[in-house]
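Chemist: Sequence:
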Amino acid sequence: MAPAPLRPSGVRAATVAAAAAATVAIAGPSSAVPAPDPPAPSCGTPADGGFPLDTRIHGGPADYPAGGPFQAWKLDLTNATDASCSGVHPVLVLTDRDRALRPEQIRFEFYDAGSSRWRPVAFEATEEAENVGAFTGFGGFAVPAGRTLTVPVRLTFEAETAPDEVVVNAAVVQRRGEDGDWIGESGDYRLTVRPAEPAAPTAPDTSGPPDPSVPPAEAARPPAPTVSGTAPAQNPADVAQGPELASTGRESEGYARVLVPLAAGLVLLGAVLVRTVRRPRHR
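The opening residue of the sequence shown carries number 1 in the working numbering; numbering runs sequentially from there.
No wet-lab data here; the hints were simulated from the structure.
Beta carbons: idealized from backbone N, C-alpha and C, even for Gly.
Warning: the hint list may mix true and false statements.
What follows is a set of in silico ranges between Cβ atoms, one per label pair, in the way DEER data are often shown [to be verified]: (1) Gly-187 <-> Asp-63: 15 to 21 Å; (2) Ala-159 <-> Ser-86: 36 to 42 Å; (3) Gly-139 <-> Asp-63: 16 to 22 Å; (4) Gly-139 <-> Glu-160: 31 to 37 Å.
Could you build the full structure based on these sequences and the hints that come with them?
Modeler: In structure tokens form, the structure reads like this:
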């Protein structure tokens, strides 16, 4: 790996070296007969002797509830030189206060405009308990001379992630055949992982089991049928008596349903007794 123009304070050189190796590894295993090397991409030389790409993280929230939805932010890559810079692969470095964050708890994606899709980034832990993830799976970004490329990204943490303070840096590596150059680094993006938000409570069922001593409510009666045309004339006496008469009539009908079968049973029993009494006795 070629030496960097200057050593930033936020990311260790060993971390970037590991990230560059991971970025170069996307080419896969070499074939038995090596193909001619393509022209190595290059970036222009900045006037101040710094990195060719100015890198900036912006637009991200301060809080991330564990298990919450993706939070969107942006990564700016600004080419401060007079030559185009291609084969650019950003590398995220996450350093947490408690050194408890694990790679599988980080979910991160970047938008690849060339294929119109979101690409996931896999993270690996370093010996310094940092989590490093390279933007791989594609040929890298191209940043024209004097222009800024803005890469949409999104981040979240799994529900089991413990509350913590995290610092995010973006190192930028340019792949050059079997090697890579460190060509940019962002400032710190500080965030807080909050405890997972509790699920919305559901209203408890206070109805309880039905009381067997209370009869069930009477089923609602269907509405009375309506008839078009002129209604028949009503007896004035019936109208005057109103609902009281209707209620009395319904009660009478109920009693009749019970008493008629009972009366018939009594008559039949009386007939049997009479026949028994009249039957002559044998002497």
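Chemist: Indicate, hint by hint, whether the structure satisfies it.
Modeler: Okay, the hints, checked on the actual structure:
Evaluation of the 15 to 21 Å hint for Gly-187 and Asp-63 yields a pass: the beta carbon distance comes to about 19 Å. The beta-carbon spacing between Ala-159 and Ser-86, approximately 39 Å, falls within the hinted interval of 36 to 42 Å. Checking the proposed 16 to 22 Å range against Gly-139 and Asp-63 shows it is violated: the Cβ atoms sit about 35 Å from each other. Between Gly-139 and Glu-160 the Cβ separation comes to about 35 Å, which falls inside the hinted range of 31 to 37 Å.
Checked against the numbered hints above, the structure breaks only hint 3 and satisfies the rest.
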